[in-house]
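Trainee: Sequence:
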Amino acid sequence: MQLSKQLLTGLATAGAVLLVGARNASATLSPSSSQPRTDMVDLSSWQSNLGASDYQKLHDAGVKAVAIKATEGTSYTSPVLQQQSQDAENASLAVNYYHFAHFTSVASAKAEAQNFINAVQSVTSSKNMVMVVDFESSELSGLSKSQNDADLAAFDGVLNAAGYNKTDLYTMSSWVGNHIDTNTNNKGWIAQWPSNPTGTEYPSANAWQWASDYRFSGESQNLDVSQLNNEFYVNGSASTAVHTSPSSSTPKTTLVKVPAPAPTSSSNYSAARSNSVTLVWRGSMHRHAYWTLSGARYSKHLGIKYADMKNLPHTTWYTDGHEKLYRKASHSSAIYYHVRSGNGKHSGWIWRGYLHAGVNPNA
Numbered sequence: 002m003q004l005s006k007q008l009l010t011g012l013a014t015a016g017a018v019l020l021v022g023a024r025n026a027s028a029t030l031s032p033s034s035s036q037p038r039t040d041m042v043d044l045s046s047w048q049s050n051l052g053a054s055d056y057q058k059l060h061d062a063g064v065k066a067v068a069i070k071a072t073e074g075t076s077y078t079s080p081v082l083q084q085q086s087q088d089a090e091n092a093s094l095a096v097n098y099y100h101f102a103h104f105t106s107v108a109s110a111k112a113e114a115q116n117f118i119n120a121v122q123s124v125t126s127s128k129n130m131v132m133v134v135d136f137e138s139s140e141l142s143g144l145s146k147s148q149n150d151a152d153l154a155a156f157d158g159v160l161n162a163a164g165y166n167k168t169d170l171y172t173m174s175s176w177v178g179n180h181i182d183t184n185t186n187n188k189g190w191i192a193q194w195p196s197n198p199t200g201t202e203y204p205s206a207n208a209w210q211w212a213s214d215y216r217f218s219g220e221s222q223n224l225d226v227s228q229l230n231n232e233f234y235v236n237g238s239a240s241t242a243v244h245t246s247p248s249s250s251t252p253k254t255t256l257v258k259v260p261a262p263a264p265t266s267s268s269n270y271s272a273a274r275s276n277s278v279t280l281v282w283r284g285s286m287h288r289h290a291y292w293t294l295s296g297a298r299y300s301k302h303l304g305i306k307y308a309d310m311k312n313l314p315h316t317t318w319y320t321d322g323h324e325k326l327y328r329k330a331s332h333s334s335a336i337y338y339h340v341r342s343g344n345g346k347h348s349g350w351i352w353r354g355y356l357h358a359g360v361n362p363n364a
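Under this note's numbering, think of the first position of the sequence shown as 2, with each following residue one higher.
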């Protein structure tokens, strides 16, 4: 993770260098088959120079997820939170968020949690992500473990009350059991950076951050990388993200299972229509309002037609997913949105060209 903005100021004054976790100084790590996987990258405003093409390169290199710094303390919100979230989502990366903690009491923990919630809600209405506490600030090491555990529980309690039920604890390996405890709700994202990382560490934790100086091929910036021990950071409670293995000839695909309505008696299945397209990628997306009287709603691979859109002329539709399909006959691609009616009773996939932005004027 990135050093806090307050700590950086102090270090610059003192001329010091802080290495979080157990690590010896080393040159930039380059991709190697002997290294752990680069399943997840964490980002903050220090990586604000990364553009959409960089996120796509991460995806193509096998990265499944990102953890983006949203907040710090009770007042700081990352100025690039929206852009980083959108770029990661557009690259079909699972998006999670973290908060850099300074809380030293139950009351301050609750206040920081609310700052975290406010920031995340400003960029997405989804709650199918991991909300992480970055627990490494120096003042926390001066508190008792029981105090830190109680503060963390209070922080998570506020998140849970707001509907965020996937939480985790990021901290350095030397702090676990000494300054803070992991538990069933926070299995841990553990930072420990060996000079020559290999294999798997902390298998009972959700993730192991094994380097802070990894440079992907074609990139000019060092990044923090982590190996995931399970699917916690890539699977939301209502969606499932799965990456295929890298291939020189086959594009990497992210599959997100979006709940679809059961076919009705008027639905029809077409094997020809389903076989006419190939999935390129699929992922979640932000909620946007649209209306239309054209086209129809389909299952995710177009095999089942649910209903024509003209049958619900007064409905405003809201997006929660998107996919890119390759059309074999025309050798072209099309983007489909997964939409859901405001009352949640109707949903399906529709070509985005049929949709008009905004609330239905006839609603």
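Source of the hints: derived by calculation from the structure; they are not laboratory data. The beta carbon of each residue, even a glycine, is placed where N, CA and C say it ideally should be. Don't take each hint at face value.
[What the hints assert, rightly or not] Cβ-Cβ distance ranges computed for the label pairs, FRET-style:
1. LYS329 / ASN119: 20 to 28 Å
2. TRP47 / PRO195: 16 to 24 Å
3. ASN179 / GLY52: 57 to 65 Å
4. ASN179 / SER275: 53 to 61 Å
5. ASN197 / GLY343: 52 to 60 Å
6. ASN276 / SER205: 38 to 46 Å
7. SER139 / GLY164: 44 to 52 Å
8. VAL107 / ASN197: 16 to 24 Å
9. ARG274 / THR185: 42 to 50 Å
[Unchecked claim] Below 20 Å or equal to it, Euclidean Cα-Cα: the simulated EDC-like pairs (lysine to aspartate or glutamate) are:
10. LYS188 / GLU232
11. LYS128 / ASP182
12. LYS58 / ASP309
13. LYS188 / ASP214
14. LYS111 / ASP182
15. LYS111 / ASP61
16. LYS58 / GLU220
Trainee: None of the hints should be skipped; say for each whether it holds.
Mentor: Here is how each hint holds up against the structure:
1. Between LYS329 and ASN119 the CB atoms are about 46 Å apart, so this pair departs from the stated range of 20 to 28 Å.
2. Here the CB-CB span from TRP47 to PRO195 is close to 23 Å, well matched to the stated 16 to 24 Å.
3. The beta-carbon spacing between ASN179 and GLY52, approximately 40 Å, falls outside the hinted interval of 57 to 65 Å.
4. A hinted range of 53 to 61 Å for the beta carbons of ASN179 and SER275 is consistent with their spacing of about 56 Å.
5. Range check, ASN197 to GLY343: Cβ separation about 55 Å, and the 52 to 60 Å hint holds.
6. Between ASN276 and SER205 the beta carbons are some 44 Å apart, a value that agrees with the proposed interval 38 to 46 Å.
7. The hinted window of 44 to 52 Å between SER139 and GLY164 is violated, with their beta carbons roughly 32 Å apart.
8. VAL107 and ASN197 have their C-beta atoms about 42 Å apart, which leaves the hinted 16 to 24 Å range violated.
9. In this structure the hint that ARG274 and THR185 lie 42 to 50 Å apart at CB holds, the actual value being about 45 Å.
10. Distance restraint check for LYS188 and GLU232: the Cα-Cα separation of roughly 13 Å lies within the 20 Å cut-off, and the hinted pair is therefore satisfied.
11. With a C-alpha separation of about 25 Å, the suggested pair LYS128 and ASP182 falls outside the 20 Å cut-off, and the hint is violated.
12. A distance of roughly 38 Å separates the Cα atoms of LYS58 and ASP309; the hinted pair therefore is violated under the 20 Å criterion.
13. Restraint check for LYS188 and ASP214: the C-alpha separation of about 25 Å exceeds 20 Å, so the hint is violated.
14. With a CA separation close to 19 Å, the supplied pair LYS111 and ASP182 stays within the 20 Å bound.
15. With a CA separation close to 39 Å, the supplied pair LYS111 and ASP61 exceeds the 20 Å bound.
16. The hinted pair formed by LYS58 and GLU220 meets the criterion: a straight-line CA distance of about 8 Å does not exceed 20 Å.
Of the numbered hints given earlier, the model fails hints 1, 3, 7, 8, 11, 12, 13 and 15; all others are met.
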